[in-house]
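Peer 1: Quick mapping for you: the protein sequence lines, in order, are chains A and B. Letter by letter, the first sequence follows residues 1 to 426 of the working numbering. Letter by letter, the second sequence follows residues 427 to 653 of the working numbering.
Worth flagging that the hints you see were computed from the coordinates, not collected in a lab. Nothing here was measured: the structure is a model prediction, and the numbers come from that model. Be careful, since some hints might not be right.
[To be verified] Just a few of them, taken from the derived set where beta-carbon distance is under 8 Å, the chain B residues facing chain A:
{"#": "1", "residue": "Gln447"}
{"#": "2", "residue": "Pro528"}
{"#": "3", "residue": "Phe529"}
{"#": "4", "residue": "Val610"}
[Said to hold, decoys possible] To spell it out: a stretch of chain A is covered by chain B in this simulated footprint if at least three of its residues, at any positions, have a beta carbon under 8 Å from a beta carbon of chain B; those stretches are:
{"#": "5", "region": "227-239"}
{"#": "6", "region": "250-264"}
[Claimed, not checked] The list that follows gives simulated cross-link-like pairs (lysine-lysine, DSBU-like), each with its CA atoms no further than 30 Å apart:
{"#": "7", "chain 1": "A", "residue 1": "Lys75", "chain 2": "A", "residue 2": "Lys33"}
{"#": "8", "chain 1": "A", "residue 1": "Lys298", "chain 2": "B", "residue 2": "Lys515"}
{"#": "9", "chain 1": "A", "residue 1": "Lys298", "chain 2": "B", "residue 2": "Lys628"}
{"#": "10", "chain 1": "A", "residue 1": "Lys317", "chain 2": "B", "residue 2": "Lys494"}
{"#": "11", "chain 1": "B", "residue 1": "Lys436", "chain 2": "A", "residue 2": "Lys336"}
{"#": "12", "chain 1": "B", "residue 1": "Lys629", "chain 2": "B", "residue 2": "Lys579"}
{"#": "13", "chain 1": "B", "residue 1": "Lys515", "chain 2": "A", "residue 2": "Lys204"}
{"#": "14", "chain 1": "B", "residue 1": "Lys624", "chain 2": "B", "residue 2": "Lys580"}
{"#": "15", "chain 1": "B", "residue 1": "Lys629", "chain 2": "A", "residue 2": "Lys298"}
{"#": "16", "chain 1": "A", "residue 1": "Lys101", "chain 2": "A", "residue 2": "Lys36"}
{"#": "17", "chain 1": "B", "residue 1": "Lys436", "chain 2": "A", "residue 2": "Lys226"}
{"#": "18", "chain 1": "B", "residue 1": "Lys629", "chain 2": "A", "residue 2": "Lys336"}
{"#": "19", "chain 1": "A", "residue 1": "Lys395", "chain 2": "A", "residue 2": "Lys274"}
{"#": "20", "chain 1": "B", "residue 1": "Lys465", "chain 2": "A", "residue 2": "Lys226"}
{"#": "21", "chain 1": "A", "residue 1": "Lys336", "chain 2": "B", "residue 2": "Lys580"}
{"#": "22", "chain 1": "A", "residue 1": "Lys162", "chain 2": "A", "residue 2": "Lys317"}
{"#": "23", "chain 1": "B", "residue 1": "Lys592", "chain 2": "A", "residue 2": "Lys226"}
{"#": "24", "chain 1": "B", "residue 1": "Lys465", "chain 2": "B", "residue 2": "Lys436"}
{"#": "25", "chain 1": "B", "residue 1": "Lys628", "chain 2": "A", "residue 2": "Lys336"}
{"#": "26", "chain 1": "A", "residue 1": "Lys317", "chain 2": "B", "residue 2": "Lys545"}
{"#": "27", "chain 1": "A", "residue 1": "Lys298", "chain 2": "B", "residue 2": "Lys465"}
{"#": "28", "chain 1": "A", "residue 1": "Lys336", "chain 2": "B", "residue 2": "Lys579"}
Beta carbons: idealized from backbone N, C-alpha and C, even for Gly.
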Amino acid sequence: MVIVVLFVLLLPVLIRDINRKYTDNWLHRQKDKVLKTVRSQGIEKYIQNDEGFGSYNTLLKEEYVSMDVDSADRKIDTIVNERRLVEGDTIQYRILSHNFKVGKKNYLLEIGKSIDTINETTTPLQNIAFEILLGMVLLTILADQFYSTYVLRPLGRIIRTKLIGHKFPLKTPYRKVHTSTSDFAYLDISIHKMIQTIESTFQKEREFISNASHELMTPISIMQSKIENMFGREDISDEVKERLLEFQRILNRLKSITKTLLLISQIENEQFLKDDSVNLLELLQEVYDEISIRLQEKNIQCNIDVPADWELEQVNKFLLFNLIFNLVNNAIKYNKENGSIDIVGKLTNKQYVLEINDTGIGIDAEQLPHIFNRFKKFSKSLQQDSFGLGLPIVKSIAEFHRIKIEVSSDLNIGSSFKLIFPADSL
Amino acid sequence: MNVLIVEDEKALTTEMELFLQANNFLCEICYNGATASEKIATNLYDFILIDLGLPDYEGLDLLKEAKKYNPEATCIILTARAAVDDRIKGLDLGADDYLSKPFSLLELQSRMQAITRRKFGLKHSVVALGDFNIDLTNRSISYKDLPVSGITKKEFDLVAYMLLHKNRTLTRSQLSEHIWGSVVNDDYDSNYIDAHIKNIRKKLNAYGTPDWLETVRGLGYRININS
């Protein structure tokens with residue numbers, strides 16, 4: 001675009017320059033013609049008795065040739081714009097002046113072309129050039145259009161289907177993008193190979209977490225049994241038992257982390273079935289029963305306002321229970337004493353939306369994007385007895401059920417977690 | 427009662443045997459599937475505990491054999507490989523219950539008892555604690571023929587669990603594993619057991635003093651019965 005503008009701006013100057021060069025060339029050619037005549041036919045053809053020769057064509061005096069004896073003894077060979085008086089008219093000419101010697105005499109030859117005539121050709125030339133330019137711009141735009149809609153269509157398709165909106169793990173098999181351009185086919189297959197590499201790395205990571213947590217289960221199980229058996233013995237003092245209890249607490253922590261990691265990896269590996277039908281209100285009631293003791297501890301009011309007829313189809317009840325349990329548990333954990341939790345169901349755009357709003361400490365805006373990351377613990381979270389896997393569980397379960405989560409939060413006022421259920425789970 | 431433990435982790439079988447023997451079970455142990463298969467085909471057991479992750483044998487095949495030769499036995503699957511598929515297959519093949527590692531030995535005993543109760547429909551069982559009667563069949567508590575009201579499901583579960591493991595101090599984590607075992611969450615040190623016990627005491631105190639429910643300072647809780 002910049003180039004086009006620059007070109008349009010420079011066009012008059014360029015055309016003028018080209019025209020002048022052309023004129024100068026023409027003048028030189030005329031000069032050569034005259035000099036040739038002088039050489040072949042003698043100066044007498046033009047000048048007799050030292051009388052100057054002059055010729056101009058037509059009434060308009062567009063061009064003229066003059067030859068005269070030159071008194072000055074200097075070499076002249078110039079082209080300049082000058083005014084000349086011709087038969088009473090003052091006309092601006094572009095004039096070639098050239099002097100030469102014949103015998104002992106110096107002669108001065110002048111060939112002129114009127115500036116008006118030159119300009120007369122400049123303007124149409126400029127116009128033509130401008131039109132050509134315009135045509136070229138249009139042609140370029142058209143070609144671009146053609147290029148991007150037709151020739152580059154496979155590229156767009158590759159970007160759309162293979163890069164944007166690509167989700168891991170890869171569920172659909174590789175589908176070739178139809179193209180006759182080998183470069184695009186190459187790009188397509190290269191992207192596919194890259195994605196396969198990423199995919200297999202992901203897969204390895206998932207397998208590793210799964211295997212590691214599985215492998216840890218047996219040793220944890222042994223330790224837990226040993227502690228339990230020792231704890232049950234009569235001959236062990238209470239002091240030692242208290243130490244055992246600390247040991248058990250640490251083991252519980254290890255157990256919880258391992259179990260949670262295992263659960264997340266099982267969800268990610270799609271080892272859970274989605275064949276339960278769940279009434280949302282009943283599920284919330286179950287969570288409430290499970291969690292009421294925690295509400296009571298902090299004297300938190302929990303209001304549930306969800307229509308009784310909201311049924312969720314093809315879900316995993318165990319997982320959904322854990323999803324909601326963890327969200328409500330967080331709403332309690334990060335709430336203030338005597339605070340409240342509002343669980344509200346709203347039908348928005350034909351989708352079930354469940355909101356869990358609390359009056360808790362809230363989440364920092366800059367921490368908000370990271371709250372679903374594993375093992376992310378925030379300085380603000382007052383609780384020390386959590387390990388930062390509550391929300392990752394929530395996220396995994398939500399993704400497994402294609403539930404969208406939206407979070408908003410005001411520091412020291414509260415947080416709101418919105419679960420948007422997919423339209424087809426109703 | 428006879429228990430066959432099929433488990434290749436020696437350290438774990440030692441603890442299981444220790445615990446079950448203390449609770450008057452007779453234990454036999456197999457460290458691999460081949461010997462277990464022989465034993466199952468020749469002996470009769472009341473309980474068969476099968477670890478699915480045996481190095482030499484498909485655990486589910488062993489379960490099939492157990493169902494064939496020991497149809498009366500209660501089969502419980504133990505596994506670290508808590509694949510959901512396996513759980514469903516195991517229960518389909520006739521396993522009575524499923525415990526994923528790591529499990530509490532107390533929980534194992536509780537499950538074994540619950541299955542026995544379910545299978546053989548034990549006679550109406552009511553346990554007397556002072557002036558209180560705990561009805562394990564109807565899951566209710568009464569005081570001198572007066573029903574105690576307001577006891578929640580969770581609260582009753584806690585009392586029943588402590589009653590099953592009577593005269594033994596149960597730690598908070600053992601109790602919370604029993605009543606919150608299926609919940610996977612972020613907390614690893616919940617003290618909500620205290621709140622539950624407080625509630626239970628409050629509700630019982632409206633009728634009489636539950637002096638059988640003891641707080642063992644620094645350790646946990648226990649129900650004392652002098653037999």
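Peer 1: State the violated hints by number, sorted upward, taking the hints as numbered earlier in the document.
Peer 2: 1, 8, 10, 11, 22, 27
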